[in-house]
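Asks: Single-letter residue listing:
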Amino acid sequence: MVDGSLLGDANGVDPAPGRTKESGKWQKPRFSRKALMKCCLVKWIIASRKPQDKDSSDSDLELSTVRHQPEGLDQLQAQTKFTRKELQSLYRGFKNECPSGMVDEETFKSIYSQFFPQGDASTYAHFLFNAFDIDRNGSIRFEDFVIGLSVLLRGSVTEKLNWAFNLYDINKDGYITKEEMLAIMKSIYDMMGRYTYPCVRDDAPSEHVDKFFQKMDKNRDGVVTIEEFIETCQKDENIMNSMQLFENVI
Amino acid sequence: MAAGVATWLPFARAAAVGWLPLAKKTMPKPPVDNTSRSDEILYVNVSGVRFQTWKNTLDRYPDTLLGSSEKEFFFNEDTQEYFFDRDPEMFRHILNFYRTGKLHYPRHECIQAFDEELAFYGIVPEIIGDCCMEEYRDRKKENQERLAEDTEANESTDAPLPPHSTPRERLWRAFENPHTSTMALVFYYVTGFFIAVSVIANVVETVPCRPPKGKVKDLPCGEKYDLAFFCMDTACVLIFTFEYLMRLFAAPSRCKFMRSVMSVIDVVAIMPYYIGLVMPENEDVSGAFVTLRVFRVFRIFKFSRHSQGLRILGYTLKSCASELGFLLFSLTMAIIIFATVMFYAEKGTASSTFTSIPASFWYTIVTMTTLGYGDMVPSTIAGKIFGSICSLSGVLVIALPVPVIVSNFSRIYHQNQRADKMRAQQVCMHLCFQTHLDRDRDSDSTALCVKNRSAFEHQHHHLLHCLEKTTNHEFTDEMNYSELCMTESVGFRTSRSTSLSSQQGAQNNSTGCCPRRVRRRAAMRLANSTVSVSRGSVQELDTLQFKTTTIPHQTRSSLNAQPDNLKLNCGEQDFTAAIISIPTPPANTPDESLPPSPAPIPGILRNTQATAYTHESFKISSL
Numbered sequence: 001m002v003d004g005s006l007l008g009d010a011n012g013v014d015p016a017p018g019r020t021k022e023s024g025k026w027q028k029p030r031f032s033r034k035a036l037m038k039c040c041l042v043k044w045i046i047a048s049r050k051p052q053d054k055d056s057s058d059s060d061l062e063l064s065t066v067r068h069q070p071e072g073l074d075q076l077q078a079q080t081k082f083t084r085k086e087l088q089s090l091y092r093g094f095k096n097e098c099p100s101g102m103v104d105e106e107t108f109k110s111i112y113s114q115f116f117p118q119g120d121a122s123t124y125a126h127f128l129f130n131a132f133d134i135d136r137n138g139s140i141r142f143e144d145f146v147i148g149l150s151v152l153l154r155g156s157v158t159e160k161l162n163w164a165f166n167l168y169d170i171n172k173d174g175y176i177t178k179e180e181m182l183a184i185m186k187s188i189y190d191m192m193g194r195y196t197y198p199c200v201r202d203d204a205p206s207e208h209v210d211k212f213f214q215k216m217d218k219n220r221d222g223v224v225t226i227e228e229f230i231e232t233c234q235k236d237e238n239i240m241n242s243m244q245l246f247e248n249v250i
Numbered sequence: 251m252a253a254g255v256a257t258w259l260p261f262a263r264a265a266a267v268g269w270l271p272l273a274k275k276t277m278p279k280p281p282v283d284n285t286s287r288s289d290e291i292l293y294v295n296v297s298g299v300r301f302q303t304w305k306n307t308l309d310r311y312p313d314t315l316l317g318s319s320e321k322e323f324f325f326n327e328d329t330q331e332y333f334f335d336r337d338p339e340m341f342r343h344i345l346n347f348y349r350t351g352k353l354h355y356p357r358h359e360c361i362q363a364f365d366e367e368l369a370f371y372g373i374v375p376e377i378i379g380d381c382c383m384e385e386y387r388d389r390k391k392e393n394q395e396r397l398a399e400d401t402e403a404n405e406s407t408d409a410p411l412p413p414h415s416t417p418r419e420r421l422w423r424a425f426e427n428p429h430t431s432t433m434a435l436v437f438y439y440v441t442g443f444f445i446a447v448s449v450i451a452n453v454v455e456t457v458p459c460r461p462p463k464g465k466v467k468d469l470p471c472g473e474k475y476d477l478a479f480f481c482m483d484t485a486c487v488l489i490f491t492f493e494y495l496m497r498l499f500a501a502p503s504r505c506k507f508m509r510s511v512m513s514v515i516d517v518v519a520i521m522p523y524y525i526g527l528v529m530p531e532n533e534d535v536s537g538a539f540v541t542l543r544v545f546r547v548f549r550i551f552k553f554s555r556h557s558q559g560l561r562i563l564g565y566t567l568k569s570c571a572s573e574l575g576f577l578l579f580s581l582t583m584a585i586i587i588f589a590t591v592m593f594y595a596e597k598g599t600a601s602s603t604f605t606s607i608p609a610s611f612w613y614t615i616v617t618m619t620t621l622g623y624g625d626m627v628p629s630t631i632a633g634k635i636f637g638s639i640c641s642l643s644g645v646l647v648i649a650l651p652v653p654v655i656v657s658n659f660s661r662i663y664h665q666n667q668r669a670d671k672m673r674a675q676q677v678c679m680h681l682c683f684q685t686h687l688d689r690d691r692d693s694d695s696t697a698l699c700v701k702n703r704s705a706f707e708h709q710h711h712h713l714l715h716c717l718e719k720t721t722n723h724e725f726t727d728e729m730n731y732s733e734l735c736m737t738e739s740v741g742f743r744t745s746r747s748t749s750l751s752s753q754q755g756a757q758n759n760s761t762g763c764c765p766r767r768v769r770r771r772a773a774m775r776l777a778n779s780t781v782s783v784s785r786g787s788v789q790e791l792d793t794l795q796f797k798t799t800t801i802p803h804q805t806r807s808s809l810n811a812q813p814d815n816l817k818l819n820c821g822e823q824d825f826t827a828a829i830i831s832i833p834t835p836p837a838n839t840p841d842e843s844l845p846p847s848p849a850p851i852p853g854i855l856r857n858t859q860a861t862a863y864t865h866e867s868f869k870i871s872s873l
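Residue numbers (this note's numbering), protein chains in the order written: chain L, 1 to 250; chain V, 251 to 873.
Next up, chain L with everything else stripped away, as it sits in the complex:
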């Protein structure tokens, strides 16, 4: 392509505007700057240096060219219950893993799946991703990450229960239906994998869901609201005791 165009332009330099074209006579090529710029080779070189158009709708490509800087340290400190040093440490780790500043869903799934090698954690990771991605923009930024962690680790019991409810409520409509709960339960059992003792029966998730609804759904209307949920959990000693479990994680 280059050869042909070069040859084509060797003596095919466009005459400057205003000059009459002398038909048939061979014009000595003028190496003016304009002529040079019009040379296809130069055009091609320049064109290849221009940044590529972002016409790809591939989310990976978008993410790799988009960078996100988090809000300032002070603002995050105000929004979360972490100390300055903890935030710094968290960000260092986060930035190291995700230099672009955001985690997309696929990466999130692969990260989370590493902790559960025996099972398939991708469905649960999907739900978890949606729970963290508060503004539903398809990627978790550092603020989402840290705010979520703040609730989970330093929040009050009510806040934690709220977070859990938000996780279960897949469509975020304020009610947990049986289908939603079943999906969540199935994804949790998926994480166990095939090789468990005793073997996971096919109806184990739904049986678990029924038990859950029996416990939580006070007015038997088939859905669990946030009030029912929090009320039931606060009455359950086991749940209340275990809420303190993960406070020392960071």
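Hints are computed from structural coordinates only; laboratory data are not their basis. By construction, the Cβ of each residue, glycine as well, lies at the ideal position given by its N, Cα and C atoms. Take the hints with a grain of salt, since some may be wrong.
To be verified - Within a straight-line C-alpha distance of at most 25 angstroms, the following computed PhoX-like cross-link-like pairs (lysine-lysine) qualify:
#1 K274(V) to K178(L)
#2 K274(V) to K215(L)
#3 K95(L) to K305(V)
#4 K391(V) to K568(V)
#5 K235(L) to K719(V)
#6 K215(L) to K568(V)
#7 K186(L) to K274(V)
#8 K218(L) to K279(V)
#9 K81(L) to K321(V)
#10 K352(V) to K321(V)
#11 K178(L) to K218(L)
#12 K305(V) to K211(L)
#13 K391(V) to K186(L)
#14 K215(L) to K172(L)
#15 K218(L) to K274(V)
#16 K85(L) to K305(V)
#17 K186(L) to K321(V)
Claimed, not checked - Among chain L residues calculated to face chain V with C-beta under 10 angstroms, some are:
#18 H68
#19 M192
#20 T196
#21 S206
#22 I239
Following the hints, position chain V against chain L.
Replies: The following block gives chain V in isolation, referenced to the frame of chain L:
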């Protein structure tokens, strides 16, 4: 994006809050974490070059020197830093591994030096990133070949003879290496001389000499001076026979000697003479006898014992056998194609030399090798066109394998030159080199015994334990699973012990839940400590996969085996690998025959390179 597992574990654990309202059982207590929470900067002084890094960075890989408490041995109280008396250039790469999770191989560094540094810091070379792995492997292989050659050269007969050697051994050594004794050298030159004499005689006896008195026609010298040539030939053959018999006597392995190329050449060189002696003067067979005389020319190959260059050439041709074979094959194909085409193109012409396709072969060969004798020439236009295509393609086909052969020759030639240089050095230096090699080879195989279980493992273990409690099921491994499911569904009672307990020779299992669990617990603990024997082995999935042997997949048919008979042929390392290679995600597929190894490692796992993680995954499965 390297996913550092250690960084995300706290996040995964925090997310476990989502399981709490659903849990069927109470959650287990989290492990007590005594390590200080705040991150601090560590100072590492490597031969004067000061590096600084966060403590958390180094803690990412707790199975290495820098990530474990082993670095405390290098802590200098006075300067409050860790001092290593090693190469700072190499340390840069090591430290980058901690930072980025990928180990790169610096191309300008010596491969052995790099390996030594890795071994010192407790990093397994197998986790070198894909970008540098090929280069590393090539260099390593090249180095190993070179070392193997050197050791081979050292083992050669330059070393002084062992004190009590039989005359036979001495004789063999004299034959193989003429420089060792004067007699051997003399013999070497004498045989060389006689080979030359024999070859020249063969050549000269066909030259036409002046005819004897009374005759007109020219006679070949061989017939004119019949007796002289016969005497010379006899003398040469006697020498060769004597030499061959001596070699046969002295050879350590006579069968091997008789099969070797040189001895075949020897035999072929002297057989015609004896056959000629035995054969009667008969018209019919003398034709065949003449053919035999051709074999006398093989005597020239005996020179290859005397010339290293010839040996190199022969060795090159042997090592390029596949390229030569390809060349031959492609040439044959081309010859047949073009011969056919030329024949049919020239068929119509009267007085055409292309009488048949085999006759056209000759034209094709001569044209493709650009000889062009001109004895066969196409006359039709189509013939000429195809003829020109033939000659053009001939050049290409022949030119293709030639660079490969040339490069092989160059490599072998240089290797030989190096070998000569090495041999020119002192013997004691060779010996020192040898012992040094042995020592390094030994240190590679032994690894430090590190029995540390990191906080990371505890925490990950706890996380999985929480999941177990949530669903009220336990993790188990494939072996136990198949056994348990069989016992439950089929109703068999097996007396087969689990693989874990068989490692300690435990008794056969009962179907009770708690004893099994308790025993498995104990087994797991023991297995864990034995697994973390070699630091290198735990570090990476890939490593383990390379080291593993396949664990026989327990089929339903082997249910009633005796407990003690069931010796799974796995060492600790193998066991680890088998378990770790299980994690292929979709657990719902009814795939009975999931092979324990080598399962394809999912892409995610390959990229992790987190040592603690792999250790941990072993633990999961053994619950």
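Asks: Would the hint linking K218(L) and K279(V) be met if the CA-CA limit is 25 angstroms?
Replies: Outside the cut-off at roughly 30 angstroms; violated.
Asks: Would the hint on M192(L) be counted as holding, given a Cβ-Cβ threshold of 10 angstroms to chain V?
Replies: With a minimum Cβ separation of about 6 angstroms from chain V (threshold 10 angstroms), the hint on M192(L) holds.
Asks: Taking only the CA atoms, is the gap from K305(V) to K211(L) under or equal to 25 angstroms?
Replies: The given pair, whose Cα atoms are some 46 angstroms apart, is violated under the 25 angstroms limit.
Asks: Is the Cα-Cα distance between K274(V) and K215(L) 25 angstroms or less?
Replies: holds, 12 angstroms
Asks: Take the C-alpha atoms of K186(L) and K274(V), compute the straight-line distance between them, and say whether it is at most 25 angstroms.
Replies: holds, 15 angstroms
Asks: Assess, step by step, whether the Cα of K186(L) is no farther than 25 angstroms from the Cα of K321(V), and give holds or violated.
Replies: violated, 45 angstroms
Asks: If you draw a straight line from the CA of K391(V) to the CA of K186(L), is it 25 angstroms or shorter?
Replies: violated, 50 angstroms
Asks: Straight-line Cα separation of K235(L) and K719(V) no greater than 25 angstroms?
Replies: Within the cut-off at roughly 20 angstroms; holds.
Asks: Against chain V, is I239(L) within 10 angstroms by beta-carbon distance?
Replies: Constraint on I239(L) satisfied, holds at 6 angstroms.
Asks: Need the status of pair K391(V), K568(V): alpha-carbon distance at most 25 angstroms?
Replies: holds, 21 angstroms
Asks: K215(L) and K568(V): Cα distance at most 25 angstroms?
Replies: violated, 81 angstroms
Asks: Holds or violated: are the alpha carbons of K215(L) and K172(L) at most 25 angstroms from each other?
Replies: holds, 21 angstroms
The structure does not agree with the numbered hints 6, 8, 9, 12, 13, 17, 18, 21 stated previously, though it agrees with the rest.
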